[in-house]
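S.K.: First to last, the protein sequences are chains P and D.
Numbered according to this note's numbering, the first sequence terminates at residue 316, and the numbering increases by one at each position without gaps.
Numbered according to this note's numbering, the second sequence terminates at residue 344, and the numbering increases by one at each position without gaps.
Just so you know, these hints were derived from the structure itself, not from any lab.
Do not take every clue at face value.
[Stated by the list, open to error] Quick look at which bits of chain D chain P covers, simulated, 3 or more residues with Cβ under 8 Å:
# : stretch
1 : 84-91
2 : 152-165
3 : 283-294
All C-beta atoms in this analysis are idealised placements derived from N, C-alpha and C, irrespective of residue type, glycine included.
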Amino acid sequence: MTQTVTTDAPPASPRTPRQLAWVRRHAALSRFWREYRKDRRGMAGLIILAVMIAVALTAPLLANSRGLNPIYATAAPNAGPSLSYPLGTDSDGRSVLTLLIWGSRNSLIVGFSATFISILIGALFGVVAGHFGSIRARAGRVTDNVLMRFADWFLVIPFLPLAMVLARTIGPSLGVIIVVIGLTSWAGTARIVRAQALAVETRPYLERARALGAGHWHQMYKHVLPNVMPLLLANTILTVAGTILAESTLSFLGVGDPIRPTWGQMLGSAYNYGVGTGNVVWLLAPGIAIILVVMAFTLVGHALEAVLDPKLRERR
Amino acid sequence: MTALLDGARAAAEERSGPGTGSGLARMLAVKIGSAAVTLFVVLVVNFWMFRVLPADPARNLARQTALTAAQQAAINRTFGLGRPILQQFGNYLAQTLHGNLGRSFVDQLPVTEKIGQALWPTVLLVGTSTVLSTIIGVWIGIRGGWSRGSKFDRTSTAFVNVLYSMPDFWLGMVLLITLAGKVALFPDGGMHSFAGAQPGFAGLRDLLWHLTLPCLVLTLVYLAEYSLVMRSSLIDELKADYLTTARAKGLRDDMVRRKHAVPNALLPSITLIMLNLGFVISGAITTETVFSWPGLGRLSYEALNAPDYPTLEGTFLLFSAAVIFANLIGDLLLTVFDPRVRQA
Chain P
1 MTQTVTTDAP
11 PASPRTPRQL
21 AWVRRHAALS
31 RFWREYRKDR
41 RGMAGLIILA
51 VMIAVALTAP
61 LLANSRGLNP
71 IYATAAPNAG
81 PSLSYPLGTD
91 SDGRSVLTLL
101 IWGSRNSLIV
111 GFSATFISIL
121 IGALFGVVAG
131 HFGSIRARAG
141 RVTDNVLMRF
151 ADWFLVIPFL
161 PLAMVLARTI
171 GPSLGVIIVV
181 IGLTSWAGTA
191 RIVRAQALAV
201 ETRPYLERAR
211 ALGAGHWHQM
221 YKHVLPNVMP
231 LLLANTILTV
241 AGTILAESTL
251 SFLGVGDPIR
261 PTWGQMLGSA
271 YNYGVGTGNV
281 VWLLAPGIAI
291 ILVVMAFTLV
301 GHALEAVLDP
311 KLRERR
Chain D
1 MTALLDGARA
11 AAEERSGPGT
21 GSGLARMLAV
31 KIGSAAVTLF
41 VVLVVNFWMF
51 RVLPADPARN
61 LARQTALTAA
71 QQAAINRTFG
81 LGRPILQQFG
91 NYLAQTLHGN
101 LGRSFVDQLP
111 VTEKIGQALW
121 PTVLLVGTST
131 VLSTIIGVWI
141 GIRGGWSRGS
151 KFDRTSTAFV
161 NVLYSMPDFW
171 LGMVLLITLA
181 GKVALFPDGG
191 MHSFAGAQPG
201 FAGLRDLLWH
211 LTLPCLVLTL
221 VYLAEYSLVM
231 RSSLIDELKA
241 DYLTTARAKG
251 LRDDMVRRKH
261 AVPNALLPSI
271 TLIMLNLGFV
281 ISGAITTETV
291 FSWPGLGRLS
301 YEALNAPDYP
311 TLEGTFLLFS
321 AAVIFANLIG
331 DLLLTVFDPR
341 VRQA
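Start from the sequences, fold in the hints, and give me the full structure.
M.R.: Put into structure tokens, the structure is as follows:
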């Protein structure tokens, strides 16, 4: 997506280049927002996300973190919803609502951090492969091929068993889960970014940059990367949905950090210590939370894609 | 795993585009060769994860963490841990190629035997649910995509989006407590009502009765992906010129869809389904765990929690090989189905 200077920018007295750029960006952003607002599903997803993130950020205000410690739990274990425990209690007598609120924090942290790692590696591989792949010289082709072969390996190695094994051999912690998910999920991004980078490489402004003597780094950083950025953003949002699901699966299988509850871990303990008996909400609530947040990320991601790529808009 | 599947899709699209190779035989050789290379990398990864990555492999490879010096030495000898790393790797390769995956820590049975026992239940479960999810998913995708924006399309897209966001193990547990709890419509897990399979028709009915819920879960979860892909690739074809031609020569709408649009739109789905097949096998880990289905997934879950490293190593190797193999078959199928790929 190239952002051209449009007539949206108010005609004004001479400005510095910086101010001009700012005005241009502002106009592009508001145009983008006007387009995005039309997408009802995207807006619904955005609202759900805003609520979830607000809950995660204000967790200490909403629920006392002491409620996470089984030692302070005084309620009857695995009891159904009551006035003082709106969502009932788990097998340790902790409030499910407290766990759910604090779980949102950890689930989102894992989701965002793992996505960050995944996108960083994916973008690096994609941009470098796309840039060198478009060069005529043999060395460029070879670089591209080697990088993409490498990505292909990561694409076919089954994620779940690999993550299980790594988390088990290194040790259970949120950090390990984040790194493992990040390291096993970047290949898709690399593929998508490379395809876009190859398209960008054929544009005249890159020829101009080369003619003016721009080095590889300058070309990639100043020209290719900014132009794959919008696509990367949409892909990032979609990746978060995937990493949150992946986290819930890993935590459910018991390779998570036992001290920091996530939604997946709540489901894991609900499965191990009380499925079907006593408090059904203990099982239902985290699952619904996962569905909502994953769906919200998917909806926002697809809405972004549709705004950025008019061809995709027809698929909606 | 959304990103992963997106990537798979991108790779599939790239592959189905015109390439620059020469000759069918050459292409086959390249495909098979690269699958072999990938398999070798998986072996390296497997070796690295279990023998090199842990600070103290002997401790990792033993059942208990507190070891006497003699026990440690014995384990070092059995696994050849004292030797140079390349020699260890050579040894590991030779053993694996001879089908020796070691013995389980839990019951001392050879890992190959344990895997052999768990293979059939997984193949049954994954096979049935793949066939069902493919047929239903592709059907929903075609119907929704062809009449885009219709009531059916809107309802099915919403339904499929919810399914797509759903953790499969959660769906399994919800089905368990609603249909197999107090209302005992279905059994609460396992593969047979009694130890061992009953003979004859009663046994078959019992097996199907146990198969229903886990199969339903996997079908629903995977159907979502297939119908979304089918729908979007059909929509991409809707404006193609050859459809206008087909209509212009007077074909019924039904025929245009069946004979012209669907065969072309099916190609990305074939690759995705084949690539997915390998992942479904490892993805069955959670579903098999929830339903106590005695397959490979359940086996690796138990191995993970024991921990039983030789078994875990064996199942991981098998899962990886399954993905690579499925991917290779998908590639080859694509060559058969798509003349553009064949001639390229």
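S.K.: Now look at each hint and say whether the structure bears it out.
M.R.: Each hint tested on the structure:
Using a Cβ-Cβ cut-off of 8 Å, 0 residues of the stretch 84-91 of chain D lie near chain P, which falls short of the minimum of three, so the contact claim is violated. Check on the stretch 152-165 of chain D: 4 of its residues sit with their Cβ under 8 Å from a Cβ of chain P, so the three-residue criterion for coverage holds. Remark: the stretch 283-294 of chain D is confirmed as covered by chain P, as 5 of its residues place a Cβ nearer than 8 Å to a Cβ of that chain, reaching the required three.
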